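Participant: If you read the sequences in order, they're chains D and C.
In this text, residue positions in the first sequence follow this note's numbering: the first is 1092, and each later residue adds one.
In this text, residue positions in the second sequence follow this note's numbering: the first is 1092, and each later residue adds one.
Treat each hint with caution, since some may be false.
Since the list gives no way to pick out one identical chain from another, each pair is judged satisfied if it fits inside one copy or across any two copies.
The calculated lysine to aspartate or glutamate pairs, modelled on DMTMM-like cross-linking and capped at a C-alpha distance of 25 Å, are [claimed, not checked]: (1) Lys1256 <-> Asp1315; (2) Lys1284 <-> Asp1334; (3) Lys1256 <-> Asp1334; (4) Lys1252 <-> Glu1150; (5) Lys1180 <-> Glu1286; (6) Lys1312 <-> Asp1290.
To be clear, the hints were calculated from the coordinates, so they are not data collected in a lab.
From a predicted model like this one, the values you see are computed outputs, not experimental measurements.
Protein chains: 2
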Amino acid sequence: MSNAKPLILVSNDDGITSKGILTLINVMKRIGDVLVVAPDSPQSGMGHAITVGESLRLEENFIFENVQAFECSGTPADCVKMARHFVLKGKRQPDVIVSGINHGSNTSISVLYSGTMSAAIEGAIEGTPAIGFSLCDYSHDADFSHTEAYIEKITREVLAKGLPKGVALNVNFPPASQGPIQGIRICRQANAKWEEEFDQRFDPNGRRYFWMVGAFVNFDKGEDNDEWAIANNYVSVVPCQFDLTAHTTIPLLNEQWTILDRADSTHTEVSEYRIPGKEDRG
Amino acid sequence: MSNAKPLILVSNDDGITSKGILTLINVMKRIGDVLVVAPDSPQSGMGHAITVGESLRLEENFIFENVQAFECSGTPADCVKMARHFVLKGKRQPDVIVSGINHGSNTSISVLYSGTMSAAIEGAIEGTPAIGFSLCDYSHDADFSHTEAYIEKITREVLAKGLPKGVALNVNFPPASQGPIQGIRICRQANAKWEEEFDQRFDPNGRRYFWMVGAFVNFDKGEDNDEWAIANNYVSVVPCQFDLTAHTTIPLLNEQWTILDRADSTHTEVSEYRIPGKEDRG
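Given only the sequences and the hints, what does the whole structure look like? Please build it.
Facilitator: In structure tokens:
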């Protein structure tokens, strides 16, 4: 970093009025210049959703002291896109994107469903270092005070050292009720899933509806994953990538499958469709 | 497979009335017993969203001949969860989950935003072989006829040979207008992104709104990726995983970061917080 203050873009998925984003903004004000673009309503569980086939609203919001802020009708990923390509269009782009602090865990498989992390991964797609912060406490008035020093430390470390291309960090904190934090661990995503049940009810018109109720099931016995870290009172830091390719499966399928069209094989099952010279997209 | 017909769960993200899902159902009826649980309205761009904090509807639907079908008010991921944990609760679970055929490309970075692929990845999370099919043609009445033989071939291959644990396939087809298909290629996800612009308009009350307009930018010069395959008239098959961990970044951060709490280092920055014996989650 030069001597200039870093520009920090803040977003989240619990909405611009949540306690978590207020905590995050207050920590970021110690580090740099802050711009907020966050959803105007809660967007939990939105995964990497974007708004397609509908229009978007963006309005300036004046709730934060000395911080420019906008509320957006879209998803967390939409917020990052609007910040970069509308609010900051033709201007200096952010040095880091931070998202959260989420009211609830985004460890292990929950990273896939997480709006908090989708804002961070959107940053990674754009080549900006990005971090999603989550507290493993779902309550509306959760105590975030034990996270502040760690959030500042991690953000400063990322600003100083950068992150590899295509990588964003998924940072989770144990709840304050678990007692003092033991330190920070770099982890892998634990092997776990949600086991759903559907609670069936009937509305006043006798029509059926359901509430999804999930129980978390952890299959992971390792000590190098984010679930272990949180259970043992560490801050978990999982580097995440947006390349979903299961690279080791490519040679496996190339070997196992007999329906592939190979230049080096005598397999001609689909050769009647071949037209030489058609190499470019129409 | 035994002699029993396979049970095939079909979902999508364009909604239960789309032409793409009808084509997919008709192909699947040649292979096995079909159950449909699909969104009651279009869910494009929903990524891996799930419905949190709202209830869900599920109603039986009778539009498909000799096929049990349900329409769900939720996302594609919700549909797979409801199929497994409500419709098929305590019953035989699907042998394969297929999603699509999407009206539009889900190659490269679009896999992250894809509702079609979220249904398939939800299958992989549950340990069921799963495939998302997409046609690189966004039109409502797209011609899917050239995809049918390939969809049947790929689904039968997956039923016969299975897929590695935690892997789902992202299959994309060139549009019919590009001419005959050259064959099937196993690919990696291309390195590309969407470059957004926001088209600003004003409603009849003078209030501003926006349409997101994306231009696709391909940075990838390789010939082993899905964008190349589609441009060269191949069917692209990308094996995808839900472990987002950037595994090679773990040793890098462990080496670079000076804020970590290491048993083997003299670094004691956070040691004042350490309380021995607190090993279990509260």
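Participant: Evaluate each hint against the coordinates.
Facilitator: Comparing the hints with the structure gives:
1. Taking identical chains as interchangeable, the C-alpha atoms of Lys1256 and Asp1315 lie at most 25 Å apart whether they share a chain (23 Å) or sit on different chains (20 Å).
2. With identical chains, the CA atoms of Lys1284 and Asp1334 are at most 25 Å apart both within one copy (21 Å) and between copies (12 Å).
3. Taking the shortest alpha-carbon separations for Lys1256 and Asp1334, both the intra-copy value of 11 Å and the inter-copy value of 18 Å come in at or below 25 Å.
4. For the identical chains of this complex, Lys1252 and Glu1150 are neighbours neither inside a copy (34 Å) nor across copies (53 Å), given an alpha-carbon limit of 25 Å.
5. Taking the shortest Cα distances, Lys1180 and Glu1286 sit within 25 Å of each other only across copies (12 Å), while inside one copy they are farther apart (43 Å).
6. Taking CA atoms no more than 25 Å apart as the test, Lys1312 paired with Asp1290 passes in neither setting, with 31 Å inside one copy and 50 Å between copies.
Consistency note: the structure conflicts with the earlier hints numbered 4, 6.
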